[in-house]
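Construct all of the structure, not just a fragment, from the sequences and the given hints.
The primary structure of each chain is shown beneath.
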Amino acid sequence: MTNPKRIGATRRDPLVVGALALLAAMAAGVIVVPLLARQNPLAIGDVLALRYLPPLARDPSGALHLLGTDRFGRDLFVRMMLAGRISLMVGVVGSVAAAALGTAVGAVAAWSGGVVDRALMAATDAMLSIPRLVLLLVCAALWRPGLGTVVVVLIATGWMGVARMVRAEVLGVRAQPYVDAAVALGARSSRVLWRHAVPNALGPAIVATALGVGNAILLESGLSFLGLGVQPPSPSWGNMIAGGRDAIVTAPWIALAPGVALILTVLACTLLGDWLRDRLSGEAAGLLGDRA
Amino acid sequence: MSALPVARRVRDAVVLFWLVVSFTFVLVRLAPGDPATMLVPPDASPAAAARLRHEFGLDASYPVQYARWLGDALTGNLGESFATHEPVTRVLARAAPISFGLGLASLALTFLVGVPIGVLQGARRGTGWDRTLTVVTTTVFAMPSFWLALALVALFTYGASMLGLPAWLRLPAFGVHTPGAALSGWDALRDVMRHAVLPVTILAAVGAAGIARYTRSSVADVARLDFVRTARAKGVTPARVYLRHVLANVLPPLVVLAALSLPGLVAGSVFVEAVFAWPGMGRAMLNAIAARDYPVVMACTMLYAGAVIAANLVADLVLPLLDPRRSAS
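The listed protein sequences correspond, in order, to chains A and B.
Counting in this note's numbering, the first sequence runs from 1 upward without gaps.
Counting in this note's numbering, the second sequence runs from 1 upward without gaps.
Everything labelled a hint here was simulated from the structure, so no lab data went into it.
Hints are all accurate, no fakes.
Selected chain B positions facing chain A (Cβ under 8 angstroms, derived; list incomplete):
{"#": "1", "residue": "L27"}
{"#": "2", "residue": "G33"}
{"#": "3", "residue": "P144"}
{"#": "4", "residue": "L150"}
{"#": "5", "residue": "V270"}
{"#": "6", "residue": "M285"}
{"#": "7", "residue": "A290"}
{"#": "8", "residue": "T301"}
The C-beta atom is built at its ideal place from N, Cα and C for all residues, glycine as well.
Here it is in structure tokens:
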């Protein structure tokens with residue numbers, strides 16, 4: 001599959017270019033827009049004069065509201081971008097940390113074998129037997145809801161799939177001659193594992209991380225929608241959608257606009273994850289190992 | 001397949017179920033918050049809370065509580081709800097059919113819509129059609145179900161009157177049936193079905209997008225294999241290549257995926273239930289968690305976990321029947 005034509009074709013894939021551009025624009029937006037805002041996106045001003053302004057409306061002071069205002073008269077676009085900071089952060093941190101934990105568990109299980117392997121895999125299977133959403137709801141609701149809880153809970157419920165994949169990969173890598181070579185050269189067992197085996201077993205974990213970012217953003221928004229995630233006045237895409245729910249018939253843009261930002265972000269992450277999977281599967285996964 | 005592996009798998013499933021239930025027991029009790037203090041009025045004496053705690057058996061040590069709970073559960077007694085004193089089994093009997101009905105109906109639609117789209121894309125890989133459908137399915141897959149629900153509510157309430165949609169298209173967006181309407185027989189069924197259109201459509205749309213993505217990549221993988229080239233070389237028509245040769249290899253894992261995705265779909269219905277005010281499992285569980293209603297939380301988790309483990313077991317046992325090559329191992 002090292003056909004140069006095929007690789008060249010994926011490199012110029014307009015979907016991937018579009019996804020990258022979208023993520024870059026979103027990242028720039030969430031960093032810059034709240035800094036430029038004239039009004040504090042958390043403060044509530046003259047509610048009666050400012051609330052429920054439609055998109056592209058100007059308020060009495062002449063300020064333009066690109067997406068209108070919410071029921072407290074706060075600019076929707078600025079809040080949406082501020083929410084994006086939180087949602088993107090939760091997505092990236094939740095997904096990367098969960099994958100790191102899963103990699104550690106899977107690698108240790110495969111390397112140790114025996115009782116350790118069986119105990120770790122039993123724990124993994126047990127956690128996989130509860131739908132992730134149920135686990136998330138139970139954990140998020142039982143502890144105090146908030147940003148920290150959401151991140152911790154996303155990590156605690158997101159590592160199992162990666163653990164199983166990395167375990168399978170490490171078991172495969174273990175049989176490779178270069179592992180024997182490292183052992184024969186006198187490297188300590190832990191060094192062989194973390195420096196030689198794990199880097200060569202990371203392909204699936206990297207793909208799972210990329211696809212996991214979008215998933216983590218979706219789950220965070222779901223928890224926040226149910227009131228179990230990020231708490232107002234801090235905006236997140238999920239709690240903004242929940243906040244616009246009462247006005248869904250009269251001012252639908254308040255609930256729908258943050259959802260569009262979320263969908264575009266998750267879409268871009270998924271397209272990039274798909275592309276990575278296509279490139280890292282099969283022989284390409286070995287390519288990654290060569291560099292490590 | 002001999003009887004022994006089946007027995008071993010069932011045993012493994014039972015052990016796993018016990019692990020999950022015990023894990024949940026620990027998790028629920030580790031959490032801060034005390035059911036008794038949440039149930040007594042704020043001005044009640046500490047003695048009242050202590051009495052309630054004793055009544056619930058919460059004053060015993062954790063191992064004793066666990067032993068009692070396990071003993072009761074093994075005899076089929078899941079206890080009473082702390083909050084309503086109703087048997088937990090009755091709470092489940094009321095809520096579970098709603099969520100599982102929603103899940104099953106959506107699952108059926110998911111496959112009827114998702115698989116053909118995926119096969120079409122896999123067969124036309126790399127074309128404009130494929131690209132367009134990829135963007136569409138990935139976009140729908142990226143939609144939170146509650147957002148899609150609100151969007152459709154906006155469309156069918158606000159939009160329906162603005163666009164002048166006919167009366168039969170003004171779909172109800174609240175509850176399972178029309179409140180106060182004394183309907184029976186076919187009319188009652190029709191009423192429930194009209195109420196189910198939006199929730200089922202939303203769950204099925206998100207699910208179908210996921211299934212289409214999966215089907216597309218597995219069809220494309222299989223279509224590259226030698227036997228497909230051989231079939232083509234023999235002069236088999238393209239339609240028959242895909243419908244007979246490719247689909248025969250793609251469908252068995254898809255059937256397994258169907259079994260495995262039902263519990264997740266039922267769990268995912270919590271958002272749709274929240275938007276459309278359906279009194280299903282999602283709502284029962286959210287309320288129970290908020291009230292620290294341990295017996296109901298435990299029972300709901302048990303039902304979800306039981307569904308996942310049963311689905312896995314069925315998938316393990318059914319796959320060799322669908323795909324004879326797998327029975328060898």
